[in-house]
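Enquirer: Starting from the structure of chain H, add chain Y where the hints point.
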Amino acid sequence: MAAGTLAGRAGPRPGPSAATTRRTATLAVVVLGLALLVAGAAWDLGIGASGMSPGAVLHALAGPASSISHQIVWTIRMPRVLLAAITGCTIAVSGVIMQGTAANPLAAPDIVGVSAGAALVGVAGTVIFTGLGGTALVLASIGGAAAAAFCVIGVAGAGQGRTGPARLALAGVTVTAMLLALTQAVLLLHQTGTAGVFFWLVGGVNFASWQDIHTIAPWAAAGLAGAMLLARPLNILALGEDTARGLGLNVTRTRILGVLCTVCLAGSAVAVAGPIAFVGLIVPHIVRLLVGTNHLVVIPVTGLCGAALVTLADVACRYVQFPFETPTGVVTALLGTPFFIYLARSQARRTR
Amino acid sequence: MPTNPRTVRNRPLLSKALRRTKASSVLAAAAAVACLAVTACSTGSAGGAAGGAAAGSTAAGAATGSSAPAASPVSSIVTSDSAADANARANLSQCGLPVRRITDASGTVVTVTGDPDRVVTVQPSFADEASLAGVSPVGIGDDNDPNLIIPQIKDRLKPYTSIGLRQAPNVAVIGQLHPDLIIADYVANVSMLGQLRAIAPTIALLSDHTDYAQNLDSALNVGVALNKCTQMKAALAAHANAMAKIKAGLNPADHRSFILALSNKKNTSVFNYQQYATTVVSYLGLTAAARGGQFQAGDAKGTSMETLVTLDPGVIFYANENNAPASLLTSWEQSPVFQAMTAYKDHAIYHVDQRAWSLMRGVTASAVIAQQAVSLLGGK
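Residue numbers (the working numbering), protein chains in the order written: chain H, 1 to 352; chain Y, 1001 to 1380.
Among the hints, erroneous ones may be present.
[Said to hold, decoys possible] Below, simulated SDA-like cross-link-like pairs (lysine to any residue); rule was C-alpha separation at most 20 Å, straight line:
| # | chain 1 | residue 1 | chain 2 | residue 2 |
| --- | --- | --- | --- | --- |
| 1 | Y | LYS1345 | H | SER66 |
| 2 | Y | LYS1345 | H | LEU239 |
| 3 | Y | LYS1345 | Y | SER1331 |
| 4 | Y | LYS1345 | H | SER67 |
| 5 | Y | LYS1247 | Y | LEU1376 |
| 6 | Y | LYS1154 | Y | LYS1345 |
| 7 | Y | LYS1247 | Y | ALA1367 |
| 8 | Y | LYS1345 | H | SER69 |
| 9 | Y | LYS1158 | Y | ASP1180 |
| 10 | Y | LYS1345 | H | SER50 |
| 11 | Y | LYS1345 | H | ILE68 |
| 12 | Y | LYS1245 | Y | GLN1372 |
[Unchecked claim] Quick list of the computed label-pair ranges, beta carbon to beta carbon:
| # | chain 1 | residue 1 | chain 2 | residue 2 | range |
| --- | --- | --- | --- | --- | --- |
| 13 | Y | ASN1147 | H | LEU335 | 41 to 47 Å |
| 14 | H | LEU334 | Y | SER1375 | 46 to 52 Å |
| 15 | H | LEU58 | Y | GLN1339 | 20 to 26 Å |
Derived by calculation from the structure, the hints in this document are not laboratory data.
Since the model is a prediction, treat every value here as computed from it, not as a measurement.
Each residue gets a CB set at the ideal place from its N, CA and C atoms; glycine is no exception.
Chain H with its partners taken away, still in its complex shape (with noise of 0.2 Å):
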């Protein structure tokens, strides 16, 4: 936890004991993480309109592959559990890096112009360019993400290292604005193909196949090992981008890796489900008040609630107009808002 602790933003170091305690804590949310994770999958998987009762899920989990309530179990709701929790990962996870990179607690997907781009991307795709399909869409979502990103830079004038939070904040709303106009624009010129795409742009998992498995599938495991492999290089960014530097981190080539992995992990998880707002933003900030600082830590932690939180959200959609399809995206925020104001009065209240 040693870059944890340097890494630590505000307060007095901890000393052993809280390490300690830290590492409790570490424990306690992965463990708490896991049975949400698993529990959430387990009801996801036993809801659907044929009605299976939770034994019969298992025994069509188990049964043989003829016979119909095994084929809507495995080729219907198994992909569906797996692209939520897919999905919830990567864009938490995306959220972790752009902070870390740009060192600035705003950063997210759906701030920064990320998701915006890769859904106008998405949007064209359905509605204009109907033969586009599976990886060639999630190319040009993911296109369509790395040049909203690198425009929302240019805008903040990330590149000279000032960017304070709220002007990249500002940017990002810029940046959003325009590609939602042109997102709405497209939808207005194109309205004998639209219906759905409204759907769809709300984020979900809703009409989850193997097929959107087989899609995201590399782009999550390459984000995620990339992520995984910028830990150390953000925790010592993490110090501020001179004393980095003195450390012997090449700053630039960090944030480059650090965007391209962002808009990896964001740009094919909405080519797939669509942007699923709200995850990003905030299932970091939760993990980071809940195991402090460090990289190595926080992102599998990130990763596993982001998980956990698009899962159960998944579940929640279910009931709002059962058995019709409400997009997932809906009752993300509405699950994670309630717990991040308790995280963060909790947190105001301990430190004053």
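Expert: This is chain Y only, laid out in the frame that chain H set:
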């Protein structure tokens, strides 16, 4: 007053709110965060209306007007005690008057003088009905796409000027056409009726988010407004006869359950029993499966493969958005779960044209849908 004030009034607001909220949720989140930066406490907000507009209403009375016999084929699909029907009938009293006071769907009494011949219609369905009465509009909302209007209607129209999007027609273009009557869509154009009324007398009628019977009522109102009641009644009587003939082509014992779905690459939605094309197919004698429970209210609903399989309709009509060759729904056809459905086993899954079945509405499109449905279902 419209058929069901709750229904029709709520719809534009809700559907617009739906569109705006979703698109603006990211912006809202970003804005919220920017504000909170001051307090160094970040939070997010994600919106997105779960939405769903209010229920469609089953309207409206003997749509062929007073000349239709009580047991007219068209009236067999409609229910009684409808306000819209009373509205359309009340307007019939203005037939033939040089100055006609027409109560439109917004409840506004609009005064129309003489025989309008420079007519602008926001919806192609109103253009269809005006041309059935012998007046070809000078301006039509066609979403800037000359192919939007199905050939069965377009062949009857004289050259016209496109007034742009149906949701947001170009007011400047409309003004330049110097219309003497504008027929707007109450649901789609409710927020701009004032602007349109500043240009010319504007009646707001029902087309978007309506059912078959409401479209026939709109046709009657178009006839009254154009001072072509006789022609319109004759056209509607001819339509009723044509529909009866089409219906007679179907096995009268065919009451299979059916759904109408709309799909794109990312989504499949099912229209409920009160929506336009569904009510036309119901008229033919088939049974809309999308009714009851959550289907009782609301717009087309996002429907997963599992929910579709559980509904297990006997017949599926589906359109792909933009008439794309493939969609999420067509990809489902590879699944053993989908293949276990009655409609799949009976080879009763039919691809239909989105323009005729979902975007057009009105008298002619109804006959086109009915004819296509009977052909697809194999007749007797």
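Enquirer: Of the numbered hints stated previously, which ones are contradicted by the structure, given in increasing order?
Expert: Hints 2 and 6 contradicted; others consistent.
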